[in-house]
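Colleague: This is what each chain is made of:
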Amino acid sequence: MSAKFKPGDKVRVRVGSPPGHLRTPHYIQGKTGSVAAVHGTFRNPESLAYGGDGLPKQFLYLVCFEQTQVWEQYPASRQDRLLIDIYEHWLEPA
Amino acid sequence: MPRVHDRGGWPDAGPINKAEHDLSMWEKRTDALLMLLARPTKRVLRVDELRRAIESLAPDAYEKLSYYERWITAIEILLIEKGILTRTEIDQKAEEINIHQS
Amino acid sequence: MHEHEHTHDAHAAITEKNELTYYEKRVYAIQSLLVEKGIVTADEVRRAVEDMDSRTPALGAKVVARAWVDPAFKARLLADAKAAVAELGIDTGALSTLVAVENTEKLHNVVVCTLCSCYPRSILGVPPDWYKSLHYRSRVVVDPRGVLKEFGLEVEPNVEVRVYDSTADMRYLIIPARPAGTEGMSEEALARLVTRDSMIGVARARRPSES
Chain U
1 MSAKFKPGDK VRVRVGSPPG HLRTPHYIQG KTGSVAAVHG TFRNPESLAY
51 GGDGLPKQFL YLVCFEQTQV WEQYPASRQD RLLIDIYEHW LEPA
Chain V
1 MPRVHDRGGW PDAGPINKAE HDLSMWEKRT DALLMLLARP TKRVLRVDEL
51 RRAIESLAPD AYEKLSYYER WITAIEILLI EKGILTRTEI DQKAEEINIH
101 QS
Chain W
1 MHEHEHTHDA HAAITEKNEL TYYEKRVYAI QSLLVEKGIV TADEVRRAVE
51 DMDSRTPALG AKVVARAWVD PAFKARLLAD AKAAVAELGI DTGALSTLVA
101 VENTEKLHNV VVCTLCSCYP RSILGVPPDW YKSLHYRSRV VVDPRGVLKE
151 FGLEVEPNVE VRVYDSTADM RYLIIPARPA GTEGMSEEAL ARLVTRDSMI
201 GVARARRPSE S
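Chains as they are written, first to last, in my numbering: chain U, 1 to 94; chain V, 1 to 102; chain W, 1 to 211.
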């Protein structure tokens, strides 16, 4: 199994509110950022949360977002960033 | 509409209360119990399950309960769900406990 | 006062408080039953509490001080924090992965867990109430500079502020910037400048002149 994305890739966070447990905050869904790091593979918390085995493991990425892209009201002058760990199945190429 | 635990960017969030409190003994035990039960060698619960159980609390309960009140409620939910304990036996044992431990 | 025969805790003490709260009773009942059923022992709980008590920000401060004086250690810390802190005898456990990020003149990092309260407990101990609060979780992602200001920290406009939202297994430890005027200080003295809040990112490390 290989990682779908590599550092530098532009990715968009999927939008969704499936029932159950998930670790993709609502505020980042639909936003576009870039992969800062590939953390490796981890069991899926969405399954672990219900006693599942969390397999197959998912690649987990540190994704970097420009704050001005995430929040409408963020001052345009700022170069600030937001970094979030996101599982591969929540990301698509942008 | 984000779920009650999904808190990033919520509007109307006010000033941050910086007061801190030392954990009471029951809070420490709650924390210790979770860490113990989640240990890979015991694997009675997973932290992911704890989170899910906390997230399942009714929104007003989530917001009103203190941090460790949420934890112990969630631990209870999970232990019952997994058939390890029953509510009846927890209720009975809680009734019996009539000394104050510190 | 009378002692209940199911009390297993060697550290139980009787105080004057009249009534246990609902939640206190719940946790004691649950622990008691788990011990009866052989799922945990009272000793295990006691040791788990002791382990928790042994984790304090002093551990993190020790790591930061070492990183300040030893650039090769800092490089190892930034590459693989778990292995690096193990060199100092600190075991970060199996439940999460420690990641160190450093603050510089150009970059200020701050950590949050908007979904719950994930925190580098193995190196900092239990998080402060405010870190777990709904308001911190809501505001620091959308207005980090405003939140930092509330903590008394003003970040220059030309310095990038980065917020890490800990949503998975990574636990972020901030390496605050080494303050000016600390040349030649011992690691021990340096560690005393490193506050918990500076390792979360809502404060800078103390200067030697500050008490």
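Keep in mind the hints are simulated off the structure, nothing from the lab. Predicted, not measured: the structure shown is a model, and the values here were computed from it. A portion of the hints provided could be inaccurate.
To be verified - Cross-link-like lysine-lysine pairs, in silico, DSSO-like; alpha carbons within 30 Å at most:
id : chain 1 : residue 1 : chain 2 : residue 2
1  : W       : Lys62     : W       : Lys37
2  : W       : Lys149    : V       : Lys64
3  : W       : Lys82     : W       : Lys62
4  : W       : Lys149    : W       : Lys62
5  : W       : Lys37     : V       : Lys28
6  : V       : Lys64     : W       : Lys82
7  : V       : Lys18     : W       : Lys37
8  : W       : Lys25     : V       : Lys82
9  : V       : Lys42     : U       : Lys57
10 : W       : Lys106    : V       : Lys28
11 : V       : Lys42     : W       : Lys106
12 : V       : Lys42     : W       : Lys149
13 : U       : Lys57     : V       : Lys82
14 : U       : Lys10     : U       : Lys31
Claimed, not checked - Covered stretches of chain U, going by a simulated chain W footprint (3 or more residues, C-beta under 8 Å):
id : region
15 : 13 to 26
16 : 74 to 88
Positions of the beta carbon are idealized from the N, C-alpha and C atoms, including for glycine.
Colleague: Of all the hints given earlier, name the ones this structure violates by number, lowest first.
Modeller: Numbers 1, 6, 7, 10, 11, 12, in rising order.
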